[in-house]
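Starting from the structure of chain A, add chain B where the hints point.
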Amino acid sequence: MFPYLRSQRVNLQLLQETSARELEQHLDSIEGIKVIVLDEAMIGPLGLVTKPKIFTDRGIKLIALKPDLRSPKEVQNIVYIVRPQVKLMDQLAAHVRNNNQAGRQFHIFFVPRRSCLCIKHLENLDVVNTFMHFGELTWNFLPLDSDVVSMEMPNAYRDVSIEGDTTALYQAAVGLVQLQRLYGRIPKIYGKGVMAQFVWDHAKQLAIDEKSLYNGDKGAIDQLILLDRGIDLLTPLATQLTYEGLIDEFYGIRQNQLTLPGEHFPAYYTNPVAASGSSGSTAGAEDPERLISDSDRKTIFLHSGEPLYGELRNKNFNEVRMLLARKVKDIQAQMNVNRQEQTVQEIKNFVDRLPQLMEQKKATSEHTAIAGLIDERINLYSFNDDLAAEQEFMICADIDRPSAYIEDQIARRSDLRNVLRLICLQCAAASGFKERVLNYYKRELAQVYGLEVLLTISHLEKAGLLRAQTESRAYAVLRKTLHLTVDDSVEVNPKDISYVHSFYAPLTARLVEHSLKPLGWQTLKSQINNLPGPTFEDFQVQLIGIGGRHAGGATPSETSLLHARRVVLVVFVGGCTFAEIAALRFLAAQEDNNVEFVIATTKVINKHSFLDSLMSS
Amino acid sequence: MVRLFTLSVFFKGASEARLLKTTSDLQSFSFFQRGTVNEFMTFASKTIVERTQPALRQSVKQDAYMCHVYVRADNLAGVLIADHEYPHRVAHTLITKILDDFTAKVSADQWQNGTDSSIAFDSLPAFLTKYQDPKEADPLTKMQTDLDETKIILKNTIESVLERGEKLEDMVTKSEQLSMQSKAFYKTAKKTNSCCSFT
Numbered sequence: 001m002f003p004y005l006r007s008q009r010v011n012l013q014l015l016q017e018t019s020a021r022e023l024e025q026h027l028d029s030i031e032g033i034k035v036i037v038l039d040e041a042m043i044g045p046l047g048l049v050t051k052p053k054i055f056t057d058r059g060i061k062l063i064a065l066k067p068d069l070r071s072p073k074e075v076q077n078i079v080y081i082v083r084p085q086v087k088l089m090d091q092l093a094a095h096v097r098n099n100n101q102a103g104r105q106f107h108i109f110f111v112p113r114r115s116c117l118c119i120k121h122l123e124n125l126d127v128v129n130t131f132m133h134f135g136e137l138t139w140n141f142l143p144l145d146s147d148v149v150s151m152e153m154p155n156a157y158r159d160v161s162i163e164g165d166t167t168a169l170y171q172a173a174v175g176l177v178q179l180q181r182l183y184g185r186i187p188k189i190y191g192k193g194v195m196a197q198f199v200w201d202h203a204k205q206l207a208i209d210e211k212s213l214y215n216g217d218k219g220a221i222d223q224l225i226l227l228d229r230g231i232d233l234l235t236p237l238a239t240q241l242t243y244e245g246l247i248d249e250f251y252g253i254r255q256n257q258l259t260l261p262g263e264h265f266p267a268y269y270t271n272p273v274a275a276s277g278s279s280g281s282t283a284g285a286e287d288p289e290r291l292i293s294d295s296d297r298k299t300i301f302l303h304s305g306e307p308l309y310g311e312l313r314n315k316n317f318n319e320v321r322m323l324l325a326r327k328v329k330d331i332q333a334q335m336n337v338n339r340q341e342q343t344v345q346e347i348k349n350f351v352d353r354l355p356q357l358m359e360q361k362k363a364t365s366e367h368t369a370i371a372g373l374i375d376e377r378i379n380l381y382s383f384n385d386d387l388a389a390e391q392e393f394m395i396c397a398d399i400d401r402p403s404a405y406i407e408d409q410i411a412r413r414s415d416l417r418n419v420l421r422l423i424c425l426q427c428a429a430a431s432g433f434k435e436r437v438l439n440y441y442k443r444e445l446a447q448v449y450g451l452e453v454l455l456t457i458s459h460l461e462k463a464g465l466l467r468a469q470t471e472s473r474a475y476a477v478l479r480k481t482l483h484l485t486v487d488d489s490v491e492v493n494p495k496d497i498s499y500v501h502s503f504y505a506p507l508t509a510r511l512v513e514h515s516l517k518p519l520g521w522q523t524l525k526s527q528i529n530n531l532p533g534p535t536f537e538d539f540q541v542q543l544i545g546i547g548g549r550h551a552g553g554a555t556p557s558e559t560s561l562l563h564a565r566r567v568v569l570v571v572f573v574g575g576c577t578f579a580e581i582a583a584l585r586f587l588a589a590q591e592d593n594n595v596e597f598v599i600a601t602t603k604v605i606n607k608h609s610f611l612d613s614l615m616s617s
Numbered sequence: 001m002v003r004l005f006t007l008s009v010f011f012k013g014a015s016e017a018r019l020l021k022t023t024s025d026l027q028s029f030s031f032f033q034r035g036t037v038n039e040f041m042t043f044a045s046k047t048i049v050e051r052t053q054p055a056l057r058q059s060v061k062q063d064a065y066m067c068h069v070y071v072r073a074d075n076l077a078g079v080l081i082a083d084h085e086y087p088h089r090v091a092h093t094l095i096t097k098i099l100d101d102f103t104a105k106v107s108a109d110q111w112q113n114g115t116d117s118s119i120a121f122d123s124l125p126a127f128l129t130k131y132q133d134p135k136e137a138d139p140l141t142k143m144q145t146d147l148d149e150t151k152i153i154l155k156n157t158i159e160s161v162l163e164r165g166e167k168l169e170d171m172v173t174k175s176e177q178l179s180m181q182s183k184a185f186y187k188t189a190k191k192t193n194s195c196c197s198f199t
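Heads up: the sequence lines are chains A and B, in that order.
With the UniProt record's numbering applied, the first sequence covers 1 to 617.
With the UniProt record's numbering applied, the second sequence covers 1 to 199.
Okay, chain A solo, but in the shape it has when bound (with noise of 0.2 Å):
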């Protein structure tokens, strides 16, 4: 299930396999006929980690919490897999008191760290004692595919900036830690940005406990680039181009999963009776990957495993229209083939071909049928003005002034997601807003939308969203000086990474581009200082000898294999976007880069899970 993981320097199958093998552990320690009771935020993650035939071989079911959960007689021991938050704890508690029979254990697994808050909790709760066992399962970056691992949190900025909790960040840290341990030590730091500051000063603090961190070798990893997601506001809140950006933000993609209504998808399954049977029958087989199956809806797994997927998910979606069109053309011609005159030695060389093809034609048309509602969202009008109004600020013009546009759509009180959206990305361009331009804003939204709103801003300003103007305008010069947007765009076979949004390249992403140059950061120094947080460098270097001493100069020679790719990870503290994904895997697939990239996040992001996790309270 788990092959597509394989295929780079940094196997990240290990990271799986490790991260199954803890469950299974503790899952073997536990004696008797048991269940496992998942919280609605782990039952994707713990399908990126496990097969579905660790449970089935140990005879366990999984179950969704809900409140109301009655649990079958037979079971002695009911296992709590749940992230650490504290009003889930008033659900267990719940729970426990309704099926608390004779010889029951209960256990709690938190993912990823037992929490003295949620037990505490408990304790007030008094259901403390009936808890056999807080366990926690240490999975911090979870894979999602063979260059993307993920933390799976999504409130990861909301929480740092708007509460304060840094848990996000520590758990970073340990991640970090943990990646170390499976690939070796990273020689090579870089960094920008206060959140992404305290994840290294963390990460140093917990790997000088490591000892094998010094003792080997360096690892598969040359260089590790932390980037703090408050240094680029805009990139996640533009509309993103790219075929799996788009897909994410109109539909959502979850864990790799794709989940659809079924009519846009021929029935597919091999009981010809279903499918003679209502036209728009849906995917009523049994899915052996699901984990907890939900037959009403096709679901469709996105990830590199399928090789068509892999061709189109980071192009601009134009050229994506190009190559389906050509795709589809060619397994036609390959079709007709079986029309001719064959002889029989050519039919058995077709039959042979013949799975291939099929799983060709299937995986087209999916992705046809899938382009196809794409594209029917793009033609809408609100689409293509939204954005028409992103690249006029993208491009800054008349960014100091409140936009018509903006204007407008508060008056006709559309979706407030959008409008702050739009509003955060003027100010993002802008590098601020002037005061009367703020407080202008902020009185068209009360009237329209209720002085609820003005909470909302509040969360929107202290997390840096909405700021005043200050000196410097970061975003106007680096437009400038790292060509942030391009005149001559090119959507179909691009030779820039400025294609995920048609024009624009991601502000971290030319970031990272620019430090794969032999001075790196150098160059940028005074500009990059413009942007908010520290710029630091670090090293980790081997030591040798019993009194510690460091190798010197260990470095260059280190990273001066010229025949071997780098392998840099990027860590963006606070979420990335697909386009972000996107931009890195164009820059490592050419030659001249001679790059490898790793990308670590706390989520992937679109603009609307950002906002709606900025946007909650």
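With a Cα cut of at most 20 Å, we get these calculated SDA-like pairs of lysine to any residue:
#	chain 1	residue 1	chain 2	residue 2
1	B	Lys167	A	Met335
2	A	Lys218	A	Leu182
3	A	Lys329	B	Leu168
4	A	Lys329	B	Gly165
5	B	Lys151	A	Asn338
6	B	Lys167	A	Ala363
7	A	Lys434	A	Asp398
Source of the hints: derived by calculation from the structure; they are not laboratory data.
Remember, predicted model here, so these are calculated numbers, not experimental data.
Below, chain B alone, put in the same frame as chain A:
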């Protein structure tokens, strides 16, 4: 039309061929012609055996007919007269078969001096009828026909497998529509102007 007309077994003597057994199916000829045709065919068969060396097979074209002859090394000969469409291979297989059968049933000493009435061999008419349809009788032809039929069934099965899932025509329409609607995403008409002064 594929037709077999006569089957005969001869003994090739030193000076002449001796007709041992014959049978014919002359239904395609009109009633009055049959006698003549029969005589002619017998004469042709006899002549061709006399003109063929032992241990030799021949197929001789004679007007609208084809004479297939096989003279064995022991001078036992079989002649088959058929039309042009009758497959040669089947004809010779049949002759070989008849001769083997004849040898098994009729002892060699009767060959030299036997006549049509003295020899007890009744299988010829049965063979004639059976082999009127060469496809059915000859295993090799049968196999070829079966193979051709199987190929057709196989093609149809493959077609139906290929048809499974979404119809190809639908996919083609959808994807063509998709590719034709491509519009560049770069919307704004405003040129990239340099923003107000910055430090």
